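Student: Protein sequence lines correspond, in order, to chains L and P.
For our numbering, add 16 to where a residue sits in the first sequence, where the first one is 1.
For our numbering, add 2 to where a residue sits in the second sequence, where the first one is 1.
Where hints are given, some of them may not hold.
[Claimed, not checked] Pairs of lysine-lysine, BS3-like flavour, derived with a Cα cap of 25 Å:
{"hint": "1", "chain 1": "L", "residue 1": "K35", "chain 2": "P", "residue 2": "K501"}
{"hint": "2", "chain 1": "P", "residue 1": "K253", "chain 2": "P", "residue 2": "K321"}
{"hint": "3", "chain 1": "P", "residue 1": "K821", "chain 2": "L", "residue 2": "K480"}
{"hint": "4", "chain 1": "L", "residue 1": "K480", "chain 2": "P", "residue 2": "K828"}
{"hint": "5", "chain 1": "L", "residue 1": "K205", "chain 2": "L", "residue 2": "K143"}
[Claimed, not checked] Listed below are several chain L residues computed to face chain P (Cβ distance under 8 Å; list not exhaustive):
{"hint": "6", "residue": "Q42"}
{"hint": "7", "residue": "P44"}
{"hint": "8", "residue": "N198"}
{"hint": "9", "residue": "Y201"}
{"hint": "10", "residue": "L268"}
Derived by calculation from the structure, the hints in this document are not laboratory data.
Small disclaimer: the values here were computed from a predicted structure and weren't measured.
Beta carbons: idealized from backbone N, C-alpha and C, even for Gly.
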Amino acid sequence: MKKLFIALLFLVALSACTKDFEAENQNPYQISDEMLKQDFNLVGSPFSQLLFNLFGHQVEEDLCYDSWMGYMNTPTPFVENVNNTTYYIRWNSYWGGYCYNGVMSPSRQVIQLAKSNDLPLFATWAKLIRILSVSKLTALHGPVIYTNYGSTANSILYDTEKDLYNLFFAQLDSIQTDFGANKDYKGFKKFDPSFSGDITAWMRVVNSLRLRLAMRLSKVDPTLAKTQGEKALNDAAGLIETNEQNFWVSLLGIKMRVATICFEWDDTRMGAPMESFMLGMKDGRVSKYYQGPNLAQDPSLSIYPYKGIRNGAYCTAKIDRVPFSRVADDFQTVQRRRCFTAAEISFLKAEACLRGWSWTGKTDAKTYYENGIRLSFADWGGKDVDTYIADATSKPVDYVDPKDARNNFTASSTVTVAWDESATNEVKLEKIITQKWLHGFTNGLEPWCDFRRTGYPKIPHVAKNDSSPDWGIIPADGWIQRLPFVTAERTGNAAAVADATTKLGGPDEIGTRLYFAPDKPNF
Amino acid sequence: MRKITILLALLLFAGLQSAFAQKTITGKITSAEDGLAMPGVPVVIKGTTVGTTTDANGAFTLKNVPSNATLLVSFIGMIAQEIPVGNQTEFNISMQSDMKALGDVVVTALGIQRDKKTLTYASQQVSATDIRIAGNTNFMDGLAGKASGLDIKMSSSGAGGSTKAVLRGNKSLVGLSEPLYVIDGIPYVNNKGGQPGSYGGTDQGDGLSALNNDDIESVNVLKGSNASILYGSQGANGVVIITTKKGKAGKVDVSINSITTFDQVSGLPEFQFKYGAAGGSDYSWSTTPGKYQDSYIKDFFQTGISAINSVSISGGNEKTTAYFSYSNTSAKGVMPTNTYNKHNFSFNQSTKLFNDKLTISSNVMFANEVSKNRPGAGYYNNPLTGLYLFARERDFRDYRYNFQTFNKDRNLYQMYWYSTEEKMNNPYWEIYKNPKLNEKYRVVASLKASWDIAKGLKFDIRGNIDYADNLHDYRYAAGGNSVSVSPNGKYDYSKTNDKAVYTDAILSYNTKISDFTLNAIAGFSYQENILNNGMSVNNGTTSLMYPNVFTFANMPYNIMFNQSIDRVIKEGLFGNVQLGWKEMLFLDLSGRNDWASTLALTGNESYFYPAAGLTAIISNMVTLPEFISFAKVRGSLSQTSNEVPFNRVNPWNSIGGTGTPTQIGGITRNTQVPFTNLKPETITGTEVGAEMRFFKGRAGFEFTYYQDISKNQFLSLAAPSGSGYSTYYINAGKITNNGFELTVDVTPVETSDFRWNSSVNLSQNKNKINELISSNPNYYVGGDDEGFASIIKAGGSYNDIWIYKFARDEQGRIILSDKGNPTKTKLQEKVGNANPDYVLGWNNNFNYKNFFGSFLINGKFGRIAFSKTEAFLDSYGVSKRTGDLRDAGTTMAIDAVQGTTAVSQIKPYDYFTAVGDRNRIMEPYVFKRTNVRLAQFVIGYNLPCQKLGLPLKAASVSFVGRNLFFFYKDAPYDPEQTMSTSNSMQSNEVFSMPAVRSYGFNVKLNF
């Protein structure tokens, strides 16, 4: 009996050693906040990922606005050739993932850490990156969750676009003030692949972003646009004016997505609208963007210097168009991609001239327009820019699809490169926006915003329009205006989405115009 | 007068004595199971105390045996026999082992031995002979159909592949719901590796393939959590208890077992070879027939061979016994270049010391497995896609013999193929140029000490270490398909090890007090499992620096090397009391308290689960009719908890990428909600059962009805867009599994020459997802896998399959688009469930003199199976049905409507371009899952060694066959040779290996 008792006691004493449990349940190959505190890495280390997440992949970019704007199109008949590229939505949830999971969620932690570690300028930087991300998301969906982000309520409400832009402008004010008071701060250096921690460069980004957003609102709210635009143009910190000041985002060692999709998956090729415009207008940048068709795969294409795929094309077999023009080989090895360039600023200034804005040092639309083209050619390495700028005759050409005549189109645009001071504002605007679009390769969201706002460039409609009541009908002479709200939100946050739809001012469909793109004349 | 009476009596007596002749008889007693001699068996003249026992050779001699006497032969664990002496003087007696005897002792949880009749829960014992009889390379395959309630599927990857075994249905949304495997009372790590999916991959195997089937003495399956509560949460899904062979005192035994089987592809999809592709397309949709090559698909496969050769030596005396074995498995699969080789060594001993008070025993098992070019499934890098979908008009022989061509620009060989499509590769390039190696080393070593403290009081202490080293080395040559392989090649390498340390101490006390019996145990266990500990690297499509050089130094700078680990510490305190009254009533109470490290910081690390059961042996309580020899009813109730996976409560951040030469890799912050109120999953199990035996054990059945309710499922959810996080975990959900298990065992014929035993194992499991998240009834787990979706949703069942069906009008006619193609429903609809409704096994064993035989029919009934392969074969125009339809004419029949016009004919091309392929209408590719097959067939002969003068104790030769043919099958593939042994892709196949049948021969020798 005594032996039994001792044995039991022994058992009880041995049991319940739980002190090592916490350590045991930790993955030693992860990195804790404590470890990151060394070398003061804790607050700054997520930033390169935050910047990286300003861009997406195949379903976010290539099969969305890159296709709608004619930069790239797919030879693959995804889902029986009925998908986003032909105006039937298959993929509308992914941008939300990049924005909320890739930027908003980690930046929320960064902002808290910045405060608790007394590094307030990092919080400022994080807020700027949030605006960069959400200003993209709202251009896709319309109303989005921003103010209420992080709420623990059951139903998280969306902001109206009007409120969003006002909020952006207000927040950019305080961000610029914070930066301005800390111009010599060196703390970002180790964590900043774009500017190596140069605060003045970030201040230029703030102003440039303000200008971009102001121009977006130039039709729906001309007064606000002018105020904010002039504020940006007049700010002492300046804008992105030279190619050395361009805002690039590092690819962090990962291959440029368009190169992966193009070369490895054979899922994307040159877009026919770009072929029409660049070849027609004899654009010296074309060889930097694309390469000739693959004659080893299809010798019959030898008559075409470049061959693109029609936006929203009729596609039956992928193999038909795999030999068409791919992107230039350099894209397989580039280390970074364009986020905001000097050429875009120059074109924004040209349009600002047309809209009668004024600022210190303002010249005229022609100067800014031609400067924009020169900056673009210098940026991309295009040849013969002077000949190009002087060309008053070359126009976009008709397009022929050697595999399916249904994809052919006649060029509706008669735009030329050479500036014509005597032309109407409408013609001038077409020139500016067309050049802005031609420059914006691999950075296609803003050109899509410009298109919806201005109607330029005059690219062809999709060849195949599969829009249906499921996601909204786009008439034959219409264009896609937005992506529907994220599917998981429609089911999981239904009340807020219903509220957001009223804030949208139209049904949650792809044909509903967004705030900044009202159906009004340009001037 | 009295004198005469006595004299008469004496005379009568003497007369009686001499009325029947007396003689000497001799005989030999052997075991029917293996033909071996049985020493020490008592042979008694019935009604007397006259008898003898057999000697070491199983022989006996009895003198002065009257001819009208009856010999009584009985031995523990064997069925007793009564043999009339008659005119015989020589007797060869074969004794059958009595697995179904009333007083059978079975091994239960933790190695505790219990009398089967007292058990309050369902369990079923399967003998080693039954498992090994057909020579399966994996022992779980040998269990299929032999224990009710066990739903087993083998991976279609062949020898060395993994198994999926589920008892009583799927209980966990995230976990695998597979039983715990225990060897000699100690948990055996069964770490299942990655499985293929639609996009590709290969079965990475599991821990069971390392076992040597010939070391197994018996297997006891504990079917529910009620039986396994003493193992804690890992036993929540049932336990398979394996007892290995040990040495026996007084016998030295050498046995050699050699089994060779041939494997052949038994069922390929049906193809057409008459119509090719038009205009160089990938799709064979020409309507002009031609004369094309037609044997290359079946010529691709070869006849596989498996050879398993083992030797074991065992022996001992009353103090020490020992057992040693070596086994070699050498197999070639049906896919060329696929090989599997395994070495197994094992040694165990047991020594009694200090007057038999202390027993020390030890056990060491070592295994080495090398698997080369194991077949996979899915689209990428799979030889079967290019093989099946080959454009018919092309010259396959050219691609077979010239699978590579020399690229002058690169000065190296590249794949020669006609299509750049991501899923089509030259099959011969795949098998010759992309070698795959999986190698495992495994050691399991244990030490036990058992101390008989006093009468009925025993103390056992055990320690065990289970260590495995896993190497995965897959090399893809430069010049292959650019979608998955970089231009300089792809190196996919991982090296991990698994280490499990287990120790327990158990105090047991058995006593009998008047009418009561008491068996009690109390104990403590400690277990630390560190699995998947190691590194992995895969350059994918990021180019290696130099072509075809597979070493770390050749990795480009922007590839990450990853390290992984998975750790759990489990400590438990447990106790069990079994109280018996008059051998009629038994009460069983158990309790266990676990502490699990994966719930650290939640406050819920400690959780308790109890179980209670009651058995009533009716046949001991009341007098039942003569033909009922045994009747028992039992019921039990238990609650088990299951801890959550590693590192879910409070994960840290990770390094997001390699960075660039000028920028260190950024940090990806952990955006999962810290889950500090995580709770363990709970399973409440209830079961009731009855067992009856008739005609002294000649027939009987055992029936169990059970219900398991799983709650607090551990679910991972995408956090709402605005919540501030990206993922969070909750405990939610309620899953119910209920069903029955029935085993019927009959020996219809039993004579001294011929015996036929037949048993039927039947079970049904109904799974229902009652609730997932109560506030969101539309929530579901799982999702679209291109065309079919395996969705787990409230109101449905586990592995429900949802697909797009034809859009139909109210009359059921298919609605055609204005271009004449069938249209599909707007949303996916549920078409059925991938798990079978009924599982049946009918096993028959025959013995006729020295011949033996058996056949096993396995059937799984009900529900559906889905084939993505068929969907592709149709859309590419290479299936037989597309060929037949083109033969029949330019149009085919259909019941459809276009607008308001009825349509009854459609061009095959218009139909097949709307169905199948990756994600079109999948309705035609849903088949009935029901399949019934001749799973095993064995016929053999025990050589009469003594008669033939062979220096052997026993020898047998047999012919074995497995999966020989199907009595019924609707799916174009075998749903039981599964593509994946994880939870997904069940009853589904995407270019996985075709079904295989095996046959061969087995030679066993005993010295």
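Student: Evaluate each hint against the coordinates.
Tutor: Hint check results:
1. In summary, the hint linking L/K35 to P/K501 is supported, as the alpha carbons are separated by about 21 Å, within the 25 Å threshold.
2. A threshold of 25 Å between alpha carbons decides the hint, and for P/K253 with P/K321 the separation of about 13 Å falls inside it, so the pair holds.
3. For the given pair, P/K821 sits about 14 Å from L/K480 by alpha-carbon distance, which is consistent with the 25 Å threshold.
4. Pair hint L/K480 plus P/K828 holds up; C-alpha atoms about 20 Å apart against a cutoff of 25 Å.
5. Among the hinted pairs, L/K205 with L/K143 is consistent with the structure: their alpha-carbon atoms are about 18 Å apart, no more than 25 Å.
6. Nearest Cβ of chain P to the Cβ of L/Q42: about 7 Å, under the 8 Å cut. The hint holds.
7. Proximity of L/P44 to chain P holds as hinted, the smallest CB-CB distance being about 7 Å (cut-off 8 Å).
8. The criterion of a C-beta within 8 Å of any C-beta in chain P is not met by L/N198, whose closest approach is roughly 22 Å, and the hint is violated.
9. Hint on L/Y201 is violated. Least Cβ distance to chain P is approximately 19 Å, over the 8 Å limit.
10. Against a cut-off of 8 Å between C-beta atoms, the interface hint on L/L268 holds, since the closest Cβ of chain P lies about 5 Å away.
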